[in-house]
Each structure stands twice: as structure tokens, then as C-alpha cells.
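J.: So the chains spell out like this:
Protein chains: 2
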Amino acid sequence: MKNFVYNIPTKVYFGKDQLCHLAESLSVYGKRVLLTYGGGSIKKVGLYDTVMKELNAGGFQVFELSGIEPNPRIDSVRKGAQLCKDENIDVILAVGGGSTLDASKWMAAGACVDHDPWDFFQSPRKPLNGALPLVTILTLSATGSEMDGGGVISNPETNDKMGRMEDILYPRVSFLDPCNTFTVSPYQTACGAADILSHIIEEYFNAEEGNLFMIDSIMEALMKTVVKYAPIALAQPDNYEARANLMWASSWAINGFIKAGKTTAWSCHPMEHQLSAYYDITHGLGLAILTPRWMKHCMKALPETTQKFAEFAVNVFDVDKNLPAAEAALAGVAALEKFLFEDLKLTSNLTDLNIGREHFADMAQKAVEGGTMKAYVALSSDDVADIYEACL
Amino acid sequence: MKNFVYNIPTKVYFGKDQLCHLAESLSVYGKRVLLTYGGGSIKKVGLYDTVMKELNAGGFQVFELSGIEPNPRIDSVRKGAQLCKDENIDVILAVGGGSTLDASKWMAAGACVDHDPWDFFQSPRKPLNGALPLVTILTLSATGSEMDGGGVISNPETNDKMGRMEDILYPRVSFLDPCNTFTVSPYQTACGAADILSHIIEEYFNAEEGNLFMIDSIMEALMKTVVKYAPIALAQPDNYEARANLMWASSWAINGFIKAGKTTAWSCHPMEHQLSAYYDITHGLGLAILTPRWMKHCMKALPETTQKFAEFAVNVFDVDKNLPAAEAALAGVAALEKFLFEDLKLTSNLTDLNIGREHFADMAQKAVEGGTMKAYVALSSDDVADIYEACL
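As you go down the protein sequences, you meet chains A and B in turn. Each residue of the first sequence is one higher than the one before, starting from 199 at the first, in my numbering. Each residue of the second sequence is one higher than the one before, starting from 199 at the first, in my numbering.
Worth flagging that the hints you see were computed from the coordinates, not collected in a lab. Just so you know, not all the hints are guaranteed correct.
No copy labels: a pair is met if it fits in one copy or bridges any two.
Straight-line distance between alpha carbons at most 30 Å, and here's what the computed DSSO-like set of lysine-lysine pairs gives [as the list claims (entries may be wrong)]:
| hint | residue 1 | residue 2 |
| --- | --- | --- |
| 1 | Lys277 | Lys506 |
| 2 | Lys506 | Lys426 |
| 3 | Lys200 | Lys242 |
| 4 | Lys209 | Lys498 |
| 5 | Lys214 | Lys460 |
| 6 | Lys283 | Lys214 |
| 7 | Lys200 | Lys283 |
| 8 | Lys214 | Lys506 |
| 9 | Lys494 | Lys324 |
| 10 | Lys200 | Lys241 |
| 11 | Lys519 | Lys506 |
| 12 | Lys506 | Lys422 |
| 13 | Lys251 | Lys200 |
| 14 | Lys277 | Lys214 |
| 15 | Lys200 | Lys460 |
| 16 | Lys543 | Lys251 |
| 17 | Lys200 | Lys506 |
| 18 | Lys519 | Lys242 |
| 19 | Lys536 | Lys498 |
| 20 | Lys277 | Lys426 |
| 21 | Lys519 | Lys426 |
| 22 | Lys241 | Lys506 |
| 23 | Lys519 | Lys209 |
Since the model is a prediction, treat every value here as computed from it, not as a measurement.
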């Protein structure tokens, strides 16, 4: 077990009608607010009006940047950072899902430097020089960006999709109202659930000795929560209990708590980032397609991992604990496939998304960054290409 | 499900040899440090010397207050608050278990007012007027004081033992090194484990509709952690994995996370506070004796609680889920008794502690504060007296 530092400073207002605390949360930082959001769905559902009412009543001067795209692009970040500089912004208020929040974090950092924000991602990565404070209102349970210090940005010119975590980028305050996710479509709800589950799986399968049993058990609790409530949210979009469980699980899947004492060694996310960089597919869908294939690859490449996959099967999917490990492990993968592709109705392969093998070799090279991915089971570019191939 | 605010600002350095971060953690607040500790065991084990070395190297001016007793007394708080005022202390460094940390919190608050610190506890309770910053080094896994804003103080003159939580009393930084608990005796380890378990049980059994399944599952994970590792720590005092799991579980049992969305309605703690106020017994021991009797009382007084006790039995003690609820629930209580009184070797009744029934009526009145305790199952003073009686 490794030493760790636990430091999650984000304050969360969870539940209905908490935006009465919005003005007090922002005004600590000043009166000039940059309001960021995506394609305008927040206007359709009335959230924009609610937010503006609070901002106007609080006497804030509001600047807006809308149109932040899914898989947010460096151009949006550039625009936002420039706007912050030009308008002398005090605090950014991001209203949306992970894409809007991620982009806003890097606007906050970009506002404090003179160089191009893409330099934060290109090797050698430029250090941050502070960041504007960020407050968020979450509308999609998925990426956990509302309670972490990370953001993933795409550069379509280079087919790059790059993530980076920095403590200074944790939102100061996040508003999590499950009602704001009632209008999320079944498809996006399913992709979000797959993303949450993947964040936990990436940490749960970990090669290090002496993991904290407590944290492993908590990860199982989080995974069971997603498996239980995602299908309910699909069937009953305005089920508060289901939306609340998914929303709080999304935050705790990736805010740093569950990686206590471990070296982070993710597998599916680096592989998926290439998929969505090349084909702009929804991140959670890419993860759903990749994860079961990756699991099978692990057990084949390194049979001693079977035991952990059997634990996963028993503790998350209630597979019979008396089965031999290899059998239980495979039953777990099958249960995961049933969850993702039947219960959540996600497309189960790349072929159905019109994705072929033409870029697999390049994507695999990028995923392993030209070397070997030091993940749960180390992955060469050939391994990654094989896993992509199994996804067809 | 109720709305909630999540706000745990404590930064935690977890693991071995993290005190290299002590000076940087303190110096944010100033150079005049009040070092508080208990009976001197930190000198025996060398921790005092390690701490002083860091403080001297960091150029701090150190004032000391030692001798803080178990079930810490208001006189120690008074002394500490006065010392803070007299010596113009910038930050308090508490080294010890829950007693030292609790007392130090109220010294920190007492340093900022002119009145007697006991006025924080007497009705009508005086408001806080700020608090000096507090940094802690934990030496006992039990109360969770290292990551919460609460402290319990005893007044032997009035047989009162009173607790109070305030956000401003969260430690700014806590150092959690499992090695610092290697020398904790089996008895104190067992009492600490019973205390941690009780903190979770108090939240787990909750009468409100629509609890967050996610949080209930996490509570089960925390309880399983205590049940698994406390006996290992008793048998192998220097088992790092066991000590680490107990230590991190102690913090998360009571830092506010698991009460998300609930109204706090504790039962055993108010009953135990009277026991240790009258007889100065170890808090965790009192909780261990009371808890199984309280469980039986609940099921008898309000049979519809049986279902939840059955879930507890199945999910924490691995009782057969196919048993009828009433049977499973009783098997769960029996498993808890076996854990507390056989595995942890704690005394199972008050008679063996030479405690008789002479004060039960008064203690019961105080526990329900002259009315009815609005707990999981509402408790009158007669109910509480019956539960005490069952503990003989």
C-alpha cells in the first residue's frame, strides 16, 4: 500500500432547489462571471432562466460562452480563456455535463497564462500559473468532473484527445440536483453509467500488493449502485432516487477517494480516447464496447488476474461464490455484457458504428504512447490493436 | 431523501513518514504552536521526539499542554484556551486519540471568546466566535475526530458529557500513520473498533424514506472492514494493512459523508455518554455493551425494523440471505455479539464492570434530555432504563 494525500476541497450542494446558495458561492470571488454551457439544452429545460434569475438578483455581471461541444475542443478553451482575459472575469460558472466542465477548467487555467492553452497538453507540458475559481452546476452524471481536478480536451487538427489533472482545478463549489438530469436521454444516461462504471473498474483492477480492502469494498458498493439504478433511470427518467444515486456515484467514482494508496494505471480510458478522437463517438459508449474485451484479454494474457475478476463477479454481479474462479470470472464478464448491451441497450460493437480497422494500428500506437501501457496488465500496441479488433 | 451539503475540508496525509509535511502544514498559520497530548505515551514510543524535531527544524515556538485525560474534561479545555490567549498561539497541534483531539478543538474555540468554554455546551449554547486552526497527528483509530468538526467534553462536577459539531472545528490537516497505532493495546484497539462500528450503525439504522442505496452500501463496506481487520489488529498489533484499514475507516465513519441525505438520529451514543459520564468507562466498551441490547429492543418495540436488521445481518455478517427476516435479523445480532465479546474479547455486561442499577433512572432521564429520544426507534426514559437493565 502506498502513502497518499487526500485533499478534495469541493463543497457540494446536493438536492433540489439549492441554487439559492449560488450567489453566495460566487460572490466570494467577485461580480464578473463567465457563464459557460453547451448546445443550449439548459435553455430548453428552464435551467438557464433559473440561473440567470439568481445571477441577476445577486447583481453579477454575466458574460456567456455557449456551444461547448461534446468531446470539448481546444478552440472552445482558447475562446473562453481569451474572454476571461478580455473581460477581467472573476469566476467561471459552468452549467452542463463533463464536456462543459472540463473545457471550463482549462479556460480557468488558460486565463492565467500568455501562451496557447494547448501547450498545457503538448509534451513537454507547460505548468499551470494558477486558475480562476470555478463553480459548477451539473446536468449529466458521468465524468465526475464536478468533483475532480481533471479535464480532457480534444484537438481535431491532430486527432489528439488529452487529459490532465491538477489540484487547483477542483471546482470550489458544485451544485448537484438530480432533477437536472431528468431530461437526459436514455442513450446519454446509459453512456454516463458506462463511464462511471469504467472509472471504478479502472481503479478496482490494480496490480499492486496490499490494496485497502476498505476501498475495494467501497468500489464494489459504487459499482452495485450503478448496476442497480442505471436501468431504473432509463425506464423512469424522473425517478429521483435513481438519478440521485447515479449522480453522487459519478462524483465518488473519480474524485480521488477510491485511488487512495494506489498507483493509477488505467487501461480502457487511454484506448477509448483514441476511439473518440478518431471517430467522435460518445466516450461512455466507447468504454462500454472496450471493457468486456479488455477483461477477456487480461485473463488470457495473465491468468493470475482471474481471481480478481472472480471477486468482481461475486461482489458486484452476485455471481455464485462457490463457482471455480475461472468460471465465476467469465460469468462476471457475461453479466457486465448483459448489463451494458441489454439492460442499458448500448451498441455492442464498432462495426455497427461504421468503424473499421483502418486506423487501429495508429490508434494503438497513440494509446500506448509509442511504448507499453503500464496498466493492470501491461499492454503493447499489438495488444491494444487486438482489443480493438475484438470490438468489431 | 433530504438535501445535504457536503463539505469536508480536512487534508489528510496518510501513511508512513509523512511528518516531513508537518512544518509546511503549520507554518501557513504562524510560528507559535500549542502542542497538546495526553498521558505521555507519545514520549514512550518516540513520536514526541519525532514531532519536536520537525518543529524545531521548522523554527516554531512550541508551548505544551499535556495530561489531557480520556473522556477529556472541561478543565483541560479551560487550561488550553487560556494558554492560547496568554501565549498568542497561532495554531494548535494535537497529537493523540479522540480525547486529545476533541479537547483541542474546544481549546481552539475557547481561545476566541471571553466566556467559560463550558458555555458552549450549556443550554442555551453560546455561539462560536471563530476558532484557532487545528492540525492533528492521530494515534488511535476510533472517534473520527481527525476528520470531523465535533468534540465531546465531560464535566465531572455535574456528571455531564456533552458533544457538539461545528464546521469551523474540522482539522485543517491530519496526519494518519497506521504505524502510530501499532502500540495501541488490544483492549483499546477493540474499544476503538467498537466505536467506529457504532458510528456507522447509528447512521445505518435510520427511519427516513429514500436513503441513498449508494451510502448504505458504502456503510456496509465500512462495517465489513472493521469486522475483518479489528481481530487481525488484536492478534498482530503491527499488521500495517489491518491498522491502515481501521484508521481510514475511523475517519470515514463519522466525517459527514455517510450521513448524506439523512437526519441524524443516534441512539446508542446518547445512552453511552451517560454511562461514561457516571462511571468513566471507555466509550467504545460502553457502546459495545449497549448496541446488541438496543437492537433487540428496536425489533421488539417496532417489528417493522426487523427487515433492516436482516439486511445488516446478510450484508455485513454474511448471514444466509434465504433465511426469514426475523431469523436473519437475530442471527445478525448474534454475529455482532460474537464479534464484540468473543473476537474482540470485550466485557459483555455492566455487572462485570461493577456497575449496578442505582443511577439508571437518572441516566435515562439525561439520555433522553427529559423528553423522548427521536432516534431510529423513539426511546422514552423508560425504554432507555430497560436497555440499561438488559446490560446488567
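J.: Give a verdict on every hint.
T.: How the hints compare with the structure:
Taking CA atoms no more than 30 Å apart as the test, Lys277 paired with Lys506 passes in neither setting, with 46 Å inside one copy and 54 Å between copies. In this homomeric assembly, Lys506 and Lys426 come within 30 Å of each other (Cα to Cα) both inside a single copy, at 21 Å, and across copies, at 19 Å. In this assembly of identical chains, the alpha carbons of Lys200 and Lys242 lie at most 30 Å apart only when taken from different copies (27 Å versus 47 Å within one copy). Taking the shortest alpha-carbon separations for Lys209 and Lys498, neither the intra-copy value of 43 Å nor the inter-copy value of 41 Å comes in at or below 30 Å.
Proximity of Lys214 to Lys460 under the C-alpha cut-off of 30 Å is restricted to the inter-copy arrangement: shortest distance 14 Å between copies versus 35 Å within a copy. In this assembly of identical chains, the alpha carbons of Lys283 and Lys214 never lie at most 30 Å apart, being 34 Å within a copy and 43 Å across copies at closest. Neither within a single protomer nor between protomers do Lys200 and Lys283 lie at most 30 Å apart by alpha-carbon distance, with minima of 41 Å and 40 Å respectively. Taking the closest pair of Cα atoms, Lys214 and Lys506 come within 30 Å of each other only across two copies (27 Å); inside a single copy the shortest separation is 39 Å, beyond that limit.
For the identical chains of this complex, Lys494 and Lys324 are neighbours neither inside a copy (38 Å) nor across copies (62 Å), given an alpha-carbon limit of 30 Å. For the identical chains of this complex, Lys200 and Lys241 are inter-copy neighbours only, at 27 Å across copies versus 46 Å inside a copy, given an alpha-carbon limit of 30 Å. In this assembly of identical chains, Lys519 and Lys506 lie within 30 Å of each other by CA distance both inside one copy and across copies; the values are 12 Å within and 24 Å between. Taking the closest pair of Cα atoms, Lys506 and Lys422 come within 30 Å of each other both inside a single copy (16 Å) and across two copies (18 Å).
Taking CA atoms no more than 30 Å apart as the test, Lys251 paired with Lys200 passes between copies only; the shortest distance there is 25 Å, against 48 Å inside one copy. Taking CA atoms no more than 30 Å apart as the test, Lys277 paired with Lys214 passes in neither setting, with 32 Å inside one copy and 45 Å between copies. When the C-alpha separation of Lys200 and Lys460 is checked against a cutoff of 30 Å, the pair qualifies only within one copy, where the shortest distance is 6 Å, while the shortest distance between copies is 34 Å. Proximity of Lys543 and Lys251 under a CA criterion of 30 Å is satisfied in neither setting, with 38 Å inside one chain copy and 61 Å between copies.
Taking identical chains as interchangeable, the C-alpha atoms of Lys200 and Lys506 lie at most 30 Å apart only when both belong to the same chain, with a minimum of 20 Å there against 36 Å between chains. Taking identical chains as interchangeable, the C-alpha atoms of Lys519 and Lys242 are never at most 30 Å apart, the minima being 48 Å within one chain and 47 Å between chains. Proximity of Lys536 and Lys498 under a CA criterion of 30 Å is satisfied intra-copy only: 21 Å inside one chain copy versus 43 Å between copies. Taking the closest pair of Cα atoms, Lys277 and Lys426 never come within 30 Å of each other, the shortest separation being 40 Å inside a single copy and 53 Å across copies.
Taking CA atoms no more than 30 Å apart as the test, Lys519 paired with Lys426 passes in both settings, with 20 Å inside one copy and 18 Å between copies. In this assembly of identical chains, Lys241 and Lys506 lie within 30 Å of each other by CA distance neither inside one copy nor across copies; the values are 46 Å within and 43 Å between. In this assembly of identical chains, Lys519 and Lys209 lie within 30 Å of each other by CA distance neither inside one copy nor across copies; the values are 40 Å within and 38 Å between.
Comparing the model with each earlier hint shows violations of hints 1, 4, 6, 7, 9, 14, 16, 18, 20, 22, 23; every other hint is respected.
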